[in-house]
Amino acid sequence: MAYQQARRDMGPPRQRSQGVSDPMEARAMMERVLSSRGEYVGIKGMKEAADAVEDTSDYVKGEIARKKAIYNKDMSDLIREEHSAYYQKALDSALAYDELALGGERDLEKLAASTFRGTSISRSQTLQQSYLRAVIPLREKLAKVEANEAEQRRRAQAIFPMTVTDFLAVRDKIHQYHICQFLMLEDTTPDKGELKSKRDLIMTKYQWAWRQVTPLCEEYAKNEDFEEEVREIAKTLRPTVDL
1 MAYQQARRDM
11 GPPRQRSQGV
21 SDPMEARAMM
31 ERVLSSRGEY
41 VGIKGMKEAA
51 DAVEDTSDYV
61 KGEIARKKAI
71 YNKDMSDLIR
81 EEHSAYYQKA
91 LDSALAYDEL
101 ALGGERDLEK
111 LAASTFRGTS
121 ISRSQTLQQS
131 YLRAVIPLRE
141 KLAKVEANEA
151 EQRRRAQAIF
161 PMTVTDFLAV
171 RDKIHQYHIC
181 QFLMLEDTTP
191 DKGELKSKRD
201 LIMTKYQWAW
211 RQVTPLCEEY
221 AKNEDFEEEV
231 REIAKTLRPT
241 VDL
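Residue 1 is where the sequence shown starts when you use full-length UniProt numbering, and the numbers rise one by one after that.
Source of the hints: derived by calculation from the structure; they are not laboratory data. One thing to keep in mind: the hints can contain errors.
Calculated cross-link-like contacts (lysine-lysine; reagent style DSS-like; alpha-carbon spacing at most 30 Å) [as the list claims (entries may be wrong)]:
#1 Lys192 x Lys235
#2 Lys173 x Lys222
#3 Lys173 x Lys192
My request is simple: use the sequences and hints to build the entire structure.
Encoded structure:
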């Protein structure tokens, strides 16, 4: 899955850059492109870098986006440099022919372009492999981090605060908003049977038990200051919660 996603991130196949027939030239060209950003590490280094990033999905996504941006720039730089170098070589070769026999400058350019297209030793594969080796470990890490975050959210949401202090200390604002909604059913559902039915549904969803929710529900019902605070918190959090 990580490989397929990384390939999709690379976008549709690009037109192949035309490679360098001289190995020394090819090496020099790749070094210019890869050293332009000051980093080009091997597989081991890439794996260690992926393992060292912070264990949050947002951070890992940012790293993936950064690698993709670097890859796109490197590909553009490589194609631009190879095109310039090889088109000029092809044009120089064409100029060795009799210009009149070829029919003038326009035909010279056509011949140069044809020669350029016919040279298909690609260096772009090196960049593609470099990108995939950098991103696949990050994709694998992202899947693990997201699974871990989902499990942490599930566990956190299963905890219902039993005191006002505990409620105010809830750090997950989405979880706190759901608790507010649960408490405010007291205001919108006067019928006790219907109120219990609605709360039962929410409790089942978040795996809450009556022994957990009863103390705070009772506090909400009798404490007007707490009731007002819950409403204000819900009003503040509502725009930030993806409903």
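Results for each hint:
no.	hint	in the structure
1	Lys192 x Lys235	holds, 25 Å
2	Lys173 x Lys222	holds, 24 Å
3	Lys173 x Lys192	holds, 28 Å
The structure shown violates none of the earlier numbered hints.
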